[in-house]
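Q: These protein sequence lines map, in sequence, to chains A and B.
Everything in the first sequence is counted per the working numbering, starting at 1 for the first residue and increasing by one.
Everything in the second sequence is counted per the working numbering, starting at 1001 for the first residue and increasing by one.
It should be emphasised that the hints constitute simulated quantities derived from the structure, not laboratory data.
Mixed in with the good hints, there may be bad ones.
Here are some of the chain B residues that sit facing chain A, going by a computed Cβ distance under 8 angstroms [stated by the list, open to error]:
1. 1008
2. 1075
3. 1087
4. 1096
5. 1108
6. 1110
Label-pair distances were calculated between CB atoms; the ranges are [claimed, not checked]:
7. B:1047 <-> A:111: 21 to 29 angstroms
8. B:1036 <-> A:91: 16 to 24 angstroms
9. A:11 <-> B:1021: 51 to 59 angstroms
Cβ atoms here follow ideal geometry from the backbone N, Cα and C, with glycine treated the same way.
Number of protein chains: 2
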Amino acid sequence: MIKSSAPENYVCPICLGVQEVVSDDTLMRPADIIYKDRLVTAFINSFFVGQNAGHAIVVPNDHYENIYDLPAEYGHRIFDVAQRIALAMKEAYGCDGITTRQNNEPAGDQHAFHFHFHVFPRYTDDGYNTVQPSEKRLAEPGQRAEYAAKLKAQLTK
Amino acid sequence: MIKSSAPENYVCPICLGVQEVVSDDTLMRPADIIYKDRLVTAFINSFFVGQNAGHAIVVPNDHYENIYDLPAEYGHRIFDVAQRIALAMKEAYGCDGITTRQNNEPAGDQHAFHFHFHVFPRYTDDGYNTVQPSEKRLAEPGQRAEYAAKLKAQLTK
């Protein structure tokens, strides 16, 4: 059993996002949601990174901290939805590639302690590998909603 | 349908690795294999990166280029095996975290055109985000075999 990295009495911002609670305890907003089913929800990330704006995360609807404890049923669905998002981004964003990334524990760059699987649009010479996690920038809800609308339209085609 | 990024008449080094063919067309060697079943194979990567030596990749046994065309059956198994490797690395390497990454198309840093899912051991302040893909270094077969032995022992416990 691997020790939790979350502080005591952790108020999970991703659980709030999944429950569509609008609160000061989460940056996530219902308009960020691009996909939802019984097991998982996908959002436009609250932070944009480098030239890779509008990236998505896929999360389990129930609280699991990281890859160590995620049940297979959720992991499988997360793969399926990440794949659909990758294909949708290719069409909706016109990106040149896709990189997925999933971080576990603070030493692995995990900052929100609820499993989340990142799907990044990639562009030729986008400098993705030179951007530090500390350089991420909070995106305004309106900016996120623009990307969410594009992806949702593609996902429901 | 997304266009293949592989050159014409591509000799796939990962297919050769899965088939355990020792050839100048692949850096992969049978001793790098840490897990194999009907659908997927996991290897110690031929290249080591920064302070994250001995990272693993999980690949489908059949040739699929990337996330766009990987059938769900393979994707699900890859999740399962990546999770087992993450847990095994925590024990066998004593690492402080895990990061997974999967690249698609050259713009997304894909260099071998057969789907491969990276599982990296992470350590506190390991500088992982400052290491460029060009800085990867070919590991000697003997170095890889050491990590493979550790992980295999843990995976079969």
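Q: Would you pick out the hints that fail for this structure and give their numbers low to high?
A: 1, 8
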